[in-house]
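Peer 1: Sequence:
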Amino acid sequence: MRKTLLLTALLVAATGAHAEDGTRVGVGVDYASGTFGTGIDTRILQIPLTASVQRGAWSFKASVPWMRVDGASNVVPGLGPVPNSGLIGRGGLLPIGGGMPGAGGDAVAQDSSASGIGDLTLAATYAVPIGGAAGVNLSGNAKIATADESKGLGTGANDVGVAVDAWRNVGRATLFGGAGYTHLGESPYIDVDAVANASAGMSVAAGPARLGAAYAWRESASSLSEERSEITGFVALPGGTHNEVQLYATKGLSDGSANWGAGVSFTAGF
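Mapping of the sequence shown onto mature numbering (1 follows the signal peptide of the UniProt record, and there is no 0): residues -19 to -1, 1 to 251, in sequence order.
Just so you know, not all the hints are guaranteed correct.
What follows is a set of in silico ranges between Cβ atoms, one per label pair, in the way DEER data are often shown [claimed, not checked]:
#1 Gly188 / Ile98: 19 to 29 Å
#2 Arg153 / Asp174: 39 to 49 Å
#3 Gly113 / Trp241: 21 to 31 Å
#4 Ala179 / Ala38: 20 to 30 Å
#5 Tyr196 / Gly113: 35 to 45 Å
#6 Phe247 / Glu1: 15 to 25 Å
#7 Gly152 / Ala177: 30 to 40 Å
#8 Ile98 / Asp174: 24 to 34 Å
#9 Gly37 / Trp241: 36 to 46 Å
Calculated directly from the structure, the hints in this document are not laboratory data.
A virtual CB, placed ideally from N, CA and C, is assigned to each residue, including glycine.
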């Protein structure tokens, strides 16, 4: 999923056990830049719209982004480079502008651009009622293939996953971590693998704000990509009684991750 595990960890760190019943909507801007192991600089801009509902121990969330990708034609946002045996479209066997396909049935990565709506992601989370200064969240999630695979904005297949996240308050600090597993659906042309992921981090209250950092790891998603390893620093600021602003910056630690990234999000509660 699109940064699902890490963003869940940041949310846990920012809210702890104090989530209240209600509805929240949000908008953000996320930018990432790197080669992702392709040798071609690739820039990914995403503007996600989110909505969530909290009812007791249950929460439900939906998110869909508009995105633009400039760079390697075989890089799919959230996955990195993937093998594509399709003949046409961004990342396909036939090079953009004509010519001969790559040898051995492999697409030739080229510098190209595409934009449009990304995949819709859905999640349901149950907060296990263990009480005290700690908590455990169990989640199920799905990616619905609404992105245009011919533009290389998605795989054209649906994904499903599960995750468990835990946190513990220690004074003004919150320690958190999690692990998940996602079955990546395969389209007729794009071959990807199931992936495991994990994260850990800490946040600290600083007046009305929370400062924190998180490390995230994920297995490689295809034969062309490498595992992702990255660290993110963030700050969560109250924007009113039920509102929040989050700013974050990410540094990639492996070829499978972006070299760097940054973003901001605003969430309003009702």
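Peer 1: Run every hint past the structure and note whether it holds.
Peer 2: Each hint tested on the structure:
1. In this structure, Gly188 and Ile98 break the distance hint of 19 to 29 Å, their C-beta atoms being roughly 38 Å apart.
2. Our hint of 39 to 49 Å for Arg153 and Asp174 holds, since their Cβ atoms are close to 41 Å apart.
3. For Gly113 paired with Trp241, a C-beta distance near 38 Å fails the hint of 21 to 31 Å.
4. Checking the proposed 20 to 30 Å range against Ala179 and Ala38 shows it holds: the Cβ atoms sit about 24 Å from each other.
5. A beta carbon spacing of about 25 Å between Tyr196 and Gly113 contradicts the range 35 to 45 Å that was offered as a hint.
6. Remark: the range hint 15 to 25 Å for Phe247 to Glu1 is upheld by a beta-carbon distance near 18 Å.
7. In this structure, Gly152 and Ala177 meet the distance hint of 30 to 40 Å, their C-beta atoms being roughly 32 Å apart.
8. Checked against the hint of 24 to 34 Å, the C-beta distance between Ile98 and Asp174 comes to roughly 25 Å, which is consistent with it.
9. In this structure the hint that Gly37 and Trp241 lie 36 to 46 Å apart at CB holds, the actual value being about 39 Å.
Hints 1, 3, 5 from the earlier list are contradicted by this structure; the remaining hints agree with it.
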